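Chemist: What follows is the residue order along each chain.
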Amino acid sequence: MKKLSRRSALRGSFSVAATATIARPFLAHAAATTVSVWWPQGFVREEDVGFRAVVEGYEKASGNKVDFTLIPFAPLMQKIVGALTTGDVPDVLSHDTAPVTVIPQNAWNDKLVDLSDVVETQRSQYHPTALLASQYYNNATKKRRAYFAPFKTSVSPFHVWNSLVEKAGYKLSDAPKTWDAFWDFFKPMQKKLRDKGMRGVYALGLQPTTTGPADGNALFHYFLVAYGGNGIITPDGKPHLDDPQVKEAVIKALAFISTAYKEGYVPPGALSWNDADDNNAFHAKQMVMYLDGTISAEVALYHKKEEYADMVTLGLPLDNAGKQIPAQLGVQGPFIPKGAKNIEVAKEFIKYLIQPQVSNEYLKTGLGRWLPAMPDLVKTDPFWLDPKDQHVAAYAREGQLDPTVPTYPVFNPGYAEANAQQIWGTAEADVIREGLTPEAAADKALKRIGAILAKYPIEQS
Amino acid sequence: MSAALTESRPARRRTNYRRRRNLGEAAALAVGVVILIWTLTPIYNIVIVALEAHGDVFTNDIWPVKPSLESFWVILTQGHWYLEYFWHQFGNSLYVGLATVFLTLLIGSLASFSIGRMRIRQGWLVSNAALLTYVIPASFLAIPFYRIMHLYGLSNNLWAVIAAEVTFATPYAIFIFQQYGVSIPIELDEAARIDGASPTQIYYRIYLPLMAPALVAVGTYALLLAWNEYLYQFLLLSSKRSMTVPVALAQFLNSDEAPWNYMMATAIVYSVPPVAIYYAFRRRMTAGLAMGGIKG
Amino acid sequence: MDGAQVLDAAEPLATTTFTAARRGRRYWRGNLQGSEYAWAVAFVMPYAAVFLAFVVYPVIYGVWLGRSPALYEELASEPIYVRTVVNTVLYVVIGVNVKMFGALLLSGFFMRRGWWVKALLLIFVLPWAIPALPSFMSIHWMLNGQWGLLNNILWTLFGIDGPGWLETSRWLALGSVITSHIWKWMPFWTVILMAGRMAIPQELYEAADIDGATRLQRFNYVTFPLVANLYLVCTLLSTIFTLGDFNSVYFVSGGGPALSTHVLATLGIRNAFEVARPDLGVATVLSALPLMIPLVILLMRKLRTTEVQL
Chain V
311 MKKLSRRSAL RGSFSVAATA TIARPFLAHA AATTVSVWWP QGFVREEDVG FRAVVEGYEK
371 ASGNKVDFTL IPFAPLMQKI VGALTTGDVP DVLSHDTAPV TVIPQNAWND KLVDLSDVVE
431 TQRSQYHPTA LLASQYYNNA TKKRRAYFAP FKTSVSPFHV WNSLVEKAGY KLSDAPKTWD
491 AFWDFFKPMQ KKLRDKGMRG VYALGLQPTT TGPADGNALF HYFLVAYGGN GIITPDGKPH
551 LDDPQVKEAV IKALAFISTA YKEGYVPPGA LSWNDADDNN AFHAKQMVMY LDGTISAEVA
611 LYHKKEEYAD MVTLGLPLDN AGKQIPAQLG VQGPFIPKGA KNIEVAKEFI KYLIQPQVSN
671 EYLKTGLGRW LPAMPDLVKT DPFWLDPKDQ HVAAYAREGQ LDPTVPTYPV FNPGYAEANA
731 QQIWGTAEAD VIREGLTPEA AADKALKRIG AILAKYPIEQ S
Chain X
12 MSAALTESRP ARRRTNYRRR RNLGEAAALA VGVVILIWTL TPIYNIVIVA LEAHGDVFTN
72 DIWPVKPSLE SFWVILTQGH WYLEYFWHQF GNSLYVGLAT VFLTLLIGSL ASFSIGRMRI
132 RQGWLVSNAA LLTYVIPASF LAIPFYRIMH LYGLSNNLWA VIAAEVTFAT PYAIFIFQQY
192 GVSIPIELDE AARIDGASPT QIYYRIYLPL MAPALVAVGT YALLLAWNEY LYQFLLLSSK
252 RSMTVPVALA QFLNSDEAPW NYMMATAIVY SVPPVAIYYA FRRRMTAGLA MGGIKG
Chain F
1481 MDGAQVLDAA EPLATTTFTA ARRGRRYWRG NLQGSEYAWA VAFVMPYAAV FLAFVVYPVI
1541 YGVWLGRSPA LYEELASEPI YVRTVVNTVL YVVIGVNVKM FGALLLSGFF MRRGWWVKAL
1601 LLIFVLPWAI PALPSFMSIH WMLNGQWGLL NNILWTLFGI DGPGWLETSR WLALGSVITS
1661 HIWKWMPFWT VILMAGRMAI PQELYEAADI DGATRLQRFN YVTFPLVANL YLVCTLLSTI
1721 FTLGDFNSVY FVSGGGPALS THVLATLGIR NAFEVARPDL GVATVLSALP LMIPLVILLM
1781 RKLRTTEVQL
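Chains as they are written, first to last, in our numbering: chain V, 311 to 771; chain X, 12 to 307; chain F, 1481 to 1790.
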C-alpha cells in the first residue's frame, strides 16, 4: 500500500508546493512564452505523471507554457546528438546520461548556456559533490562554469538475493566489511548452490562488458576507487596516468575482475551485457549478487512483494585498508543548448524545477530510483530513510549521506570519449580473451586514455 | 543388338528410373525437413517467448513452460506501460506502409512510363541516378536525414519516414517496371496514340492495367521494406504518439526491466499484416517478377 | 482488359509495326511532340523531386559533415576500425555468395512437383515476411549460451553443452551474424531466381531431354546460361544491400563480444550516437565508398547493356 500513500502524498504535498512557489515571483512576461522541453520518459508511469504535475505547477505560477515531449531513453540520446550537431535545438534538454556523454564535449565547445545563476538559487541546499559535478570546462572562455542544474543523483549499491545466500548455507550479516573479502565471500556459494541443483547459477555479476554503455565503465570505476586510484583525474582536469598509485589500482582492478571471470564465477555472457542484461540476469537468479547503478533492479520487482523483500541492497564496504570508499555519484539534470529560442524563460523553468519541494515530490513518484541532489531532503523526508523499505534507505544513505565523488567526465571531456570508447571494457576483454597480463592491458588502456586526453588540454588554474 | 537385350532394356530402365526417382524423392524430402527446421527454429523461439511468463524465458526447456495467452491479452488491452499506445502505433505503421506503397507505385510507374514507354531522351540519366541511391548505405544518410527533415518541417512526423522509405523503394520499382514493361508490346501505345489518346490516358488505360502483376510485386516489396525498417523510424520519430511499432519494440530493449514475453507477442502481432499480404499476393508477385523474359 | 484481349485487338497492326519495332527498338523514335514531351517530363518530375530532396541534398550534407581528412586519419588509427573493415569484407563476401548460391540451388529445388514443395515454399518465405527486429532479437536470445533455445536443444537431444555463440569468440559471433543474414534474405533471392527460371521456355528442357541430357547437363547447358546474367545482377545488388545492412549485426551480436564484430554500418551509427561524434560516424560510413562505387558502376553497366530483368 505504500504506492497509494506515496501517490496521495504526492497530491497532498504538491498542492502545498504549488502554493508555496506562487509566493516566489517568477518573471511574469507580458506575453506568455512557450518553452520547449525534451524530457526522458519515466521508468514507471508515475514518473511521467509527476513530471506533468510539475509542468502544470510551473505554468500556473508563471503564466508561461511548457511544450514538452517525453521521449524514451535511447531515442532521446540520438535526438539530442542530432539536435546539437545540426543546431536545431529545443529550449531545455535533459537525459540521464547526458552529463557524462554529451555535456562535457558541448561545454568544451561552448555550445551550452551557462547556468551558474540558476544553480546559485539552490546553492545552500545542494550536496557539495553535486555542485562540483555540474562544473564543466569551457575551452572558449577558459573557465569552469555550471552547465547543467543538478536535479537528481544516483550511485551503485550492491544487490543480493538473500534467499540464495541462505540456500548456500551462509548469512549475509556475516559478510566481511572490506572490499576484496566482501566479493570473495560470495564465491564459495556458487559451488554450494550448484551442488543443490541450480545448474546455471554464478556467484558474482561483474560486468566486464564493452556494450553497456554505462555499466561496464561504472563497475570498473568503483573498483578503481576502491583500490585507491581515484586520483586518475583530479578536479582540475589534469590526468595523472603515470601516478604509481593509480597504475597499481588499475592493475589490481583489471586483475580482480578478469580473474573472477576466468575462474568461472561470472556468467560468460557478461562480456557482452548491455545495461539491461545484467538486471535481467539478476532477476533470473543467474547470479547471487552484483553491483549496479540505482535500485532499478529492486524497483522492477516492486509489485512482487516476496521477491522485493528477498533482495537486499547494500552500500559499499570499506577498502582493504579499512577506510571508507567514496562512491562515484552520478548527477543529472536539465541543460540549455545555445541557440535555444527562449533562454530566459527556460532558466526560469529550471529554477522552478530544482526547488527542493518540487524535485523531491517528483523523485518520490519514481519509487526512489533516483535520489535527490540535496542531503537535507534525504534527512528530513521520512520517505528516504524509511526503515521499512530497506532498499531506498540503503541507497539514499550511500548516495547522499556517505562520502561521494563526481565522475571523471566532469573534470575532463576527454574522459567522456574514453568512456564511450569502452576502453576499460576492452582492457578486461584483453586480459580475458586475448591473454594479456593485467599489467600489459593496463598500460595499453592508460596509453589510449592519455592519447584521447591529450586532445583536451585544460589551461585553467 | 540381340532381341533379348532390346526387350529387357526398357524394363530395366524402368526399374532403374523408378529407383532413382524414389531416391531422389527421399533426398528431396530430407532437404525439405532441413529447410523446415532451419526456417522455423527462430520463429518457434518467438512463439515460445511470447507464450511464457517473463521469468520462465531463462529456463532450459525447449517446450513452452506453462504456456498462456496472457501476453496477447496485455497487448490487446494495452495493459503495459510501453504498450500504452500500441494500437495507435500499429495504425502509424499501417499508415506508413500503405503510404509508402501508394507513393512508390505512383512515382515509380510514372517515371518508368516516361523513361521506358515515352522514351524521354534523358531517361537513362534518371535510371542511373536512381541506382545511385543504393550506393549510399542507409546508415550514412541517417544524420543528414534528421537535419533535412527538420528543415522541411517534418521532424517527429510520419511523413519523414514515408519520404525515406519511398526514396529507397522507388529505384527498385523503376527497374522492375522497366523490365516488366518490355513484355508489353509498344504497338499498343502506338495504336492508342494514333487514335488520339493523350499520354495520361495511355498511362491510365493501357499501361497500368497491363502492369498489374508488376504493381503487385513492387507494392508488396515496398510494404515489406517499410515494415522491416527500424533505423530510420527510430531516428526520425520520438514521441509515443508518433512512433511506429518497431520503435515501440525498441523501448523494451533499452530499459532496465523488460517483459520480453510482451515484446515477442507484440512482434507476432506486428508480423501478421506483411505475412498475410505476402500470402495473399504471392502468385501475382511471382508473375510480376517473371514476365520480363530472359534477355542477355 | 487483360493482355491477351488487348493483343488480339491490336493484331492488325502487329505484323507491320511489330517487326519494325523489333528491328529498330526505338519506339516513338524519339520524336515526342510538344505536349507529349511536356507530359513525359511531368511524369518524371515526381521522382526527380524525390531524388533531389531526399538523396542529393542529404548526400551533399553528409559529405560536407565528413569532409575533414583528419577524421579519416583518426579512424585509421583506431584498432577497432581495421577489425571492422575485415568483418565487413568477410560478412559481405561470405554472406552474399553463400546466400546467392543457396538461392540458386533452392530455386531449382522449389520447382519440383508436389504439394508439399509448394507448402514448404510458403513456410520458407516467412523469414523475409517477418519484420527484422523481432526475428533478429529472437535469434539473439536463441543463441544465448546459458538459456538460449539452441543450447537447450543441443543439451536435451544430444547431451552437448553448447558454447556461448555470441559471447566469447569473435568468429563464432561473426558466423552467427552471417548465418542470421542468410536466414533472413535467402528466401527473397530464391523467389527472384525462381521467377527467372520459370520464364525459361519449357521447350528447351524438352529438347534437352530428347537429346538424353542428364540433370547436371540440363543445368549447365540450358538453365545456367539463361540465368547467369540474372544471377550476376542479383549478386551485385545483394552485395550493395549487404554492405549497408545494419539490422543483422546490430540486433544479433550488437557488435559482438568486445566490439569485435562491428561492420561499417553499425560502427558508423555507434560513432555518431554512442561516442557522440557524428562527424566521425559519417566518415566511417563514407569510407565504404571506394568499395561501393565500383560495384554500382558495374551494376549500371550490366543493366544498361543487357536488358535483364530482375
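Hint data in this document are derived by calculation from the structure and do not stem from the laboratory.
A quick note: this is a predicted structure, and the numbers were derived from the prediction, not measured.
Think of the CB as a built atom: it goes at the ideal place given N, C-alpha and C, for glycine as much as any other residue.
Accuracy of the hints is not assured; some may be wrong.
[Unchecked claim] If you anchor each label on the Cβ, the simulated ranges turn out as follows:
hint, chain 1, residue 1, chain 2, residue 2, range
1, X, Asp206, F, Arg1698, 45 to 51 Å
2, V, Lys615, X, Trp98, 38 to 44 Å
3, V, Lys757, X, Gly90, 49 to 55 Å
4, F, Val1569, V, Asp490, 54 to 60 Å
5, F, Leu1585, V, Met508, 43 to 49 Å
6, F, Leu1602, X, Arg30, 27 to 33 Å
7, X, Tyr28, F, Leu1585, 38 to 44 Å
[What the hints assert, rightly or not] With a Cα cut of at most 30 Å, we get these calculated DSBU-like pairs of lysine-lysine:
hint, chain 1, residue 1, chain 2, residue 2
8, V, Lys375, V, Lys557
9, V, Lys506, V, Lys614
10, V, Lys506, V, Lys487
11, V, Lys595, X, Lys77
12, V, Lys375, V, Lys614
13, V, Lys497, V, Lys477
14, V, Lys615, X, Lys77
15, V, Lys562, V, Lys502
16, V, Lys614, X, Lys77
17, X, Lys77, V, Lys562
18, V, Lys453, V, Lys765
19, V, Lys477, V, Lys595
20, X, Lys77, V, Lys502
21, V, Lys477, X, Lys77
22, V, Lys562, V, Lys595
23, V, Lys572, V, Lys487
24, V, Lys452, V, Lys757
25, V, Lys481, V, Lys651
[Claimed, not checked] Partial list, derived from the structure: chain V residues whose beta carbon lies under 10 Å from chain F:
hint, residue
26, Thr343
27, Leu380
28, Val391
29, Gly579
30, Asn584
31, Ala594
32, Pro697
33, Gln732
34, Thr736
35, Ala739
Chemist: The structure should be examined with respect to each hint, and the outcome stated for every one.
Modeler: Now the hints, each set against the structure:
| no. | hint | result |
| --- | --- | --- |
| 1 | X:Asp206 to F:Arg1698: 45 to 51 Å | holds (47 Å) |
| 2 | V:Lys615 to X:Trp98: 38 to 44 Å | violated (32 Å) |
| 3 | V:Lys757 to X:Gly90: 49 to 55 Å | holds (52 Å) |
| 4 | F:Val1569 to V:Asp490: 54 to 60 Å | violated (45 Å) |
| 5 | F:Leu1585 to V:Met508: 43 to 49 Å | holds (46 Å) |
| 6 | F:Leu1602 to X:Arg30: 27 to 33 Å | holds (31 Å) |
| 7 | X:Tyr28 to F:Leu1585: 38 to 44 Å | violated (23 Å) |
| 8 | V:Lys375 to V:Lys557 | violated (52 Å) |
| 9 | V:Lys506 to V:Lys614 | holds (25 Å) |
| 10 | V:Lys506 to V:Lys487 | holds (28 Å) |
| 11 | V:Lys595 to X:Lys77 | holds (19 Å) |
| 12 | V:Lys375 to V:Lys614 | violated (39 Å) |
| 13 | V:Lys497 to V:Lys477 | holds (14 Å) |
| 14 | V:Lys615 to X:Lys77 | holds (22 Å) |
| 15 | V:Lys562 to V:Lys502 | holds (27 Å) |
| 16 | V:Lys614 to X:Lys77 | holds (19 Å) |
| 17 | X:Lys77 to V:Lys562 | violated (46 Å) |
| 18 | V:Lys453 to V:Lys765 | holds (17 Å) |
| 19 | V:Lys477 to V:Lys595 | holds (13 Å) |
| 20 | X:Lys77 to V:Lys502 | holds (29 Å) |
| 21 | V:Lys477 to X:Lys77 | holds (26 Å) |
| 22 | V:Lys562 to V:Lys595 | holds (28 Å) |
| 23 | V:Lys572 to V:Lys487 | holds (25 Å) |
| 24 | V:Lys452 to V:Lys757 | holds (26 Å) |
| 25 | V:Lys481 to V:Lys651 | violated (58 Å) |
| 26 | Thr343 | violated (30 Å) |
| 27 | Leu380 | violated (20 Å) |
| 28 | Val391 | holds (5 Å) |
| 29 | Gly579 | holds (5 Å) |
| 30 | Asn584 | holds (7 Å) |
| 31 | Ala594 | holds (8 Å) |
| 32 | Pro697 | violated (37 Å) |
| 33 | Gln732 | holds (7 Å) |
| 34 | Thr736 | holds (6 Å) |
| 35 | Ala739 | holds (4 Å) |
Checked against the numbered hints above, the structure breaks hints 2, 4, 7, 8, 12, 17, 25, 26, 27 and 32 and satisfies the rest.
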